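2 protein chains.
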Amino acid sequence: MISVNPIGVVHNGIGKMSTGNWAQAESRIQIHEDMVPGLQGLADFSHAVVVFYLDRIPPFEKDTQLLRKPRGMEHLPPVGVFAQRTKFRPNPIGVTPVRLVSIKGNVLTVTGLDAMDGTPVLDVKPYIPEFDGIEKSKQADWVPAMLKGYF
Amino acid sequence: MISVNPIGVVHNGIGKMSTGNWAQAESRIQIHEDMVPGLQGLADFSHAVVVFYLDRIPPFEKDTQLLRKPRGMEHLPPVGVFAQRTKFRPNPIGVTPVRLVSIKGNVLTVTGLDAMDGTPVLDVKPYIPEFDGIEKSKQADWVPAMLKGYF
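Going down the list, the sequences are from chains A and B.
Position one of the first sequence corresponds to residue 320 (our numbering), numbered consecutively onward.
Position one of the second sequence corresponds to residue 320 (our numbering), numbered consecutively onward.
With the rest of the complex left out, here is chain A (with noise of 0.2 Å):
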């Protein structure tokens, strides 16, 4: 077992999961005020990479939740759930690219961030096409179908 320690929470009122178009989505990330040093610099990224923790997802279930069908996928075959981006996971990590629109004190405001209002935040990194992004991908044939109104 591994242990983390949030560096900061998410502020947004979203009080419900699944909300869809989180595109929209302004939060506020107020990092840990014994944090804030390592804020220095950020503003010279336009997007960083957040890692939170879906802190009110129920205990993972084997039985019902290692493969099934995705998000509006009703009538395809079950899933495995590391071929899918479902929240109910072993570890519910959310890793969410999103866009800095202001850096102020020790809050980060950001829009594109999927998280509900309270999310523990782990870490933040800055965007680098590098280590982030992959230019040519495959993906399954489902996926732009259940893409339809998330972001």
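Please note that the accuracy of each hint is not assured.
Pairs count within a copy or across copies, as identical chains cannot be separated in the list.
In silico lysine-lysine, DSS-like type, Cα no more than 25 Å apart, as pairs [as the list claims (entries may be wrong)]:
1. K335 x K423
2. K467 x K381
3. K381 x K457
4. K455 x K335
5. K455 x K467
6. K388 x K406
7. K423 x K388
8. K423 x K455
9. K457 x K388
10. K335 x K457
11. K455 x K381
12. K381 x K423
13. K423 x K457
Calculated directly from the structure, the hints in this document are not laboratory data.
Model, not experiment: these values are computed from the prediction.
Given the structure of chain A, go ahead and fit chain B onto it with the hints provided.
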């Protein structure tokens, strides 16, 4: 404090940190047997995002590690930990998109994973550009020099 449990482990024979040339590195990720059904459908993707815990990193030291000079940037001012990709982080969680070479039973063979032998894996997610990629991003001027030899 938040607890997470590894779902697998990295095997690649790489016994020291900061090896560099990570793009060439081939690793086998051994998924715990009870999680294997979760891999179903992953072969429909060319790439996956691996979330791992850098378990050989010493405890974070605020005094010296909140602000430090990025890799090879001794001539520049120090930069905050959340504005760079150093492995010495409050929560040393790695997030790396990798190429899926093969999936056989409980073993994923991947390239591009910047993790040492024995590193615990917390999650595997299919790489989906709409979730993971940013088309146009801006980064700090020091980034290109820092990247030399890393991949």
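Exercise. Using 25 Å as the alpha-carbon threshold, which applies to K388 and K406: within, between, both, or neither?
Worked result: So K388 and K406 pass the 25 Å test inside one copy only (13 Å; across, 35 Å).
For this session: Check K455 against K335 for me: Cα-Cα at most 25 Å, and say if that holds within a copy, between copies, both or neither.
Result: Answer is neither: 34 Å inside a copy and 30 Å across each miss the 25 Å cutoff.
Exercise. Should K335 paired with K457 be assigned to within, between, both, or neither, using CA atoms and 25 Å as the limit?
Worked result: So K335 and K457 fail the 25 Å test inside a copy (32 Å) and across (32 Å) alike.
Problem set entry | Homomeric proximity label, K457 with K388: Cα distance no greater than 25 Å | within (20 Å within a copy, 37 Å between copies)
Exercise. Is it within a copy, between copies, both, or neither that the alpha carbon of K423 lies no farther than 25 Å from that of K457?
Worked result: between (39 Å within a copy, 19 Å between copies)
Exercise. Checking K381 and K423: alpha-carbon separation at most 25 Å within a copy, between copies, both or neither?
Worked result: Between copies only: 21 Å across, 42 Å inside.
Problem set entry | Within, between, both or neither, where K467 and K381 count as close if Cα-Cα is 25 Å or less | neither (27 Å within a copy, 42 Å between copies)
Problem set entry | Up to 25 Å CA-CA - K457 versus K381, copy category | Neither: 27 Å inside a chain and 41 Å across chains, both beyond 25 Å.
Problem set entry | Identical-chain pair category, K335 with K423, by Cα at 25 Å | neither (27 Å within a copy, 38 Å between copies)
For this session: Can you give me the call for K423 and K388, within, between, both or neither, at a CA distance of at most 25 Å?
Result: For K423 and K388, the Cα distance is within 25 Å only across copies (22 Å; inside one copy 41 Å).
Exercise. Quick one: K423 to K455, C-alpha cut-off 25 Å, is that within a copy, between copies, both, or neither?
Worked result: For K423 and K455, only the inter-copy Cα distance (23 Å) is at most 25 Å; the intra-copy one is 36 Å.
For this session: With 25 Å as the alpha-carbon cut-off, assign the pair K455 and K381 to within, between, both or neither.
Result: neither (33 Å within a copy, 38 Å between copies)
Hint compliance for this structure: hints 1, 2, 3, 4, 10, 11 are not met, and every other hint is.
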